[in-house]
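Asks: These are the residues of each chain, in order.
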Amino acid sequence: MQQKTDNNIITIERLSHAFSGKTVLQDINLSIGKGEFVTILGPSGCGKTTLMRLIAGFLKVSEGKIAIAGQDVTETPPHLRPVNTVFQRYALFPHLNVFNNVAFGLNLKKLPKDVILKKVKKVLKMVVMTDYEERDVDSLSGGQQQRVAIARAIVNEPEVLLLDEPLAALDLKMRKDMQMEIKAMHKKLGISFVYITHDQEEALTLSDRIVVMREGVIQQIGSPIEIYNEPANAFVADFIGESNILNGVMIKDSLVEFAGHQFECVDKDFAPNEPVEVVIRPEDIYIFELSEAAQFSGKVTSCIFKGVHYEMMVTTPEGYEFLIQDYRNFEPGHTVGLRVKPFDIQVMKKERHCNTFKGTVVDKTHVRFLGTPFECADTHSLAGGTEVRVKVEFGDVNLQDNQEDGMLSGVVSFILYKGNHYHLTILTGNNEHIFVDTNDVWDDADCIGISISPESILIETI
Amino acid sequence: MLFLAFFVLVPMALIVFYAFTTIEGTFTFANIQKFWIHPEAMQTFLYSVVVALITTVICILIGYPAAYILSKMESRKAKLLVILFILPMWINFLIRTLATVALFDFLKIPLGEGALIFGMVYNFLPFMIYPIYNILQKTDQNLIEAAQDLGANPRQVFFKTIFPLSIPGITSGIIMVFMPVISTFAIAELLTINNIKLFGTTLQENIYNGTWNYGAALSLVMLLFIGITVVLNGEGSSKAAEEGNLI
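Those protein sequences? They're chains A and B, same order as listed. Just remember that the numbering used here sits 68 ahead of the position in the first sequence, which is counted from 1. Just remember that the numbering used here sits 99 ahead of the position in the second sequence, which is counted from 1.
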């Protein structure tokens, strides 16, 4: 067999997965290096657990390839893969004591008794559970069960350790301690860790590299610093840490306009006057008594003590709201000066400028898209059945509380605050996305009715 | 509480009272002694235990695979099948057994020991399948995946994880099959044309013939025997009662 010389322990190519007709993962390409600590991060339902289960072999791959240690394992059953898993709810065997839980894998390999004893003792020492060998697993606390689960996996000396939200069930203090222990363990073992979590802080603390996922698609892969400082899009910026995300216009190279002011920045290679999204971290806005040095000003509307810093909301005269973190505090009502340094402004290409759908003309006054016929003011007198492109501005989509009041219904799947309005992503009944700009406050997972006025539906021939 | 007092405690007290008294109502150990020295009663008792053991073993051998297959099925299908398994239980078991007798007659199979075991298994199999199915179906999928993950092939997954985890279901099934088999009399009477006597039959005869005191003593012996088995099952049975009971 050909010797693989590359340093990747896991290579995932063009991996897709569908479950009962619904795409859960879409075109995943990912390489994980030997000894690397990679975190797969995303909100619930983003497909991260599915990805882990595909790597472990619990799910069958619909499309694509997974290779572990140079071997194609796409069709290999889980018990023959050189990976071990730490399960979210530990999954310890209730009919076995701590020792036999840890020795489970070694017993299956039919290793000599004394070797098993030595190995089990060694890993139990490593997870600081030495005196618990004879204990019933049900009598252990959550943290202790977690330690046994880790010991049970690493005793088999896998090439890759998969950890599926291992700390999700622990309380905050315990979680912080375990994070440090897991990191230390990773250093000591020198094997690759693939860590699944929805906790961005955990991901930033632990990882060499972070893979941010959303709705089955990888959004960004990068080191914690890259992901935090240079988020690839508004979703990543919003999900990792806190941020101010605003719509802006790139006037020319190194000059961007947002919130009604022009700012010097370090980004280039945009078309003149290209609409963009701007990300500024709350700690990167300087707040001070109004003076000459201010680029813009605002009025403090709230100020909360957060331990290390104060968190303030500041509203500018132009009507934009900024989240600002600073060691100093300014009382609500106070007028302050604000300033942002050029390299603290992260400019991102806009993913989309308006809603675009595939549609078909029904008759002179109606067009069908999103599986629903809409009344349309101007169909350009196209014949019924003509395929067209339908465009609707984000601001022209109306949302109703009652699903029945809309022409079609949907669920709010993602909310982005853009300083002076909300940008919502709505998942419609037939699994398509519609994006909406609104000033009304909606909650995640709200069920809503959607309607669009006939004048707002613009039709273009393809 | 009142219900328990009337229908459990009072009858129990009466059994104990009758077992230790003569017809005239004076205290005696004679009834119990009679059981130990009377070879016929003792023999019937041992024979009943053997029949119950055989029935239980056959029920496990048929019931476990059946329950396993059911638990692997899509849940809607499985539920329907479980109902089909339990459906005969809704018919009075005397009528069911009489029908079995008729069937054996029709097929020209002689009644006797074989027919007796068949009748027992037929009647009690659902009581074995259901608790095992119940516990298998509730087996944590994560544990099966954990075993696979640690290198267990499908066979090892079964013998190292699924089977040990289902033992409380088996225990529950045993309790629900073994005990009633010892004490049934109708099945034995009908399927062996009264040729084979089980302990239940002896009990029934004594009560029927008016020797209540001796009958009560025999009942008490059986009760103790059942009690001892349950206690020996210990932890397992109490867990089984929680997790795998029929009702």
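Hint data in this document are derived by calculation from the structure and do not stem from the laboratory. Check each hint, because a few of them may be wrong.
[Said to hold, decoys possible] Derived pair list, reagent style DSS-like, types lysine-lysine, alpha-carbon separation capped at 25 Å:
(1) 171/B x 187/A
(2) 128/A x 171/B
(3) 259/B x 177/A
(4) 259/B x 186/A
(5) 237/B x 128/A
(6) 128/A x 193/A
(7) 178/A x 259/B
(8) 296/B x 128/A
(9) 237/B x 181/A
(10) 259/B x 128/A
The structure displayed is predicted, hence computed values, not measured ones.
Asks: Each hint should be assessed against the structure and marked as holding or not.
Replies: Now the hints, each set against the structure:
| no. | hint | result |
| --- | --- | --- |
| 1 | 171/B x 187/A | 36 Å, violated |
| 2 | 128/A x 171/B | 18 Å, holds |
| 3 | 259/B x 177/A | 13 Å, holds |
| 4 | 259/B x 186/A | 22 Å, holds |
| 5 | 237/B x 128/A | 23 Å, holds |
| 6 | 128/A x 193/A | 36 Å, violated |
| 7 | 178/A x 259/B | 14 Å, holds |
| 8 | 296/B x 128/A | 58 Å, violated |
| 9 | 237/B x 181/A | 33 Å, violated |
| 10 | 259/B x 128/A | 24 Å, holds |
Violated hints, in rising order: 1, 6, 8 and 9; the structure is consistent with all others.
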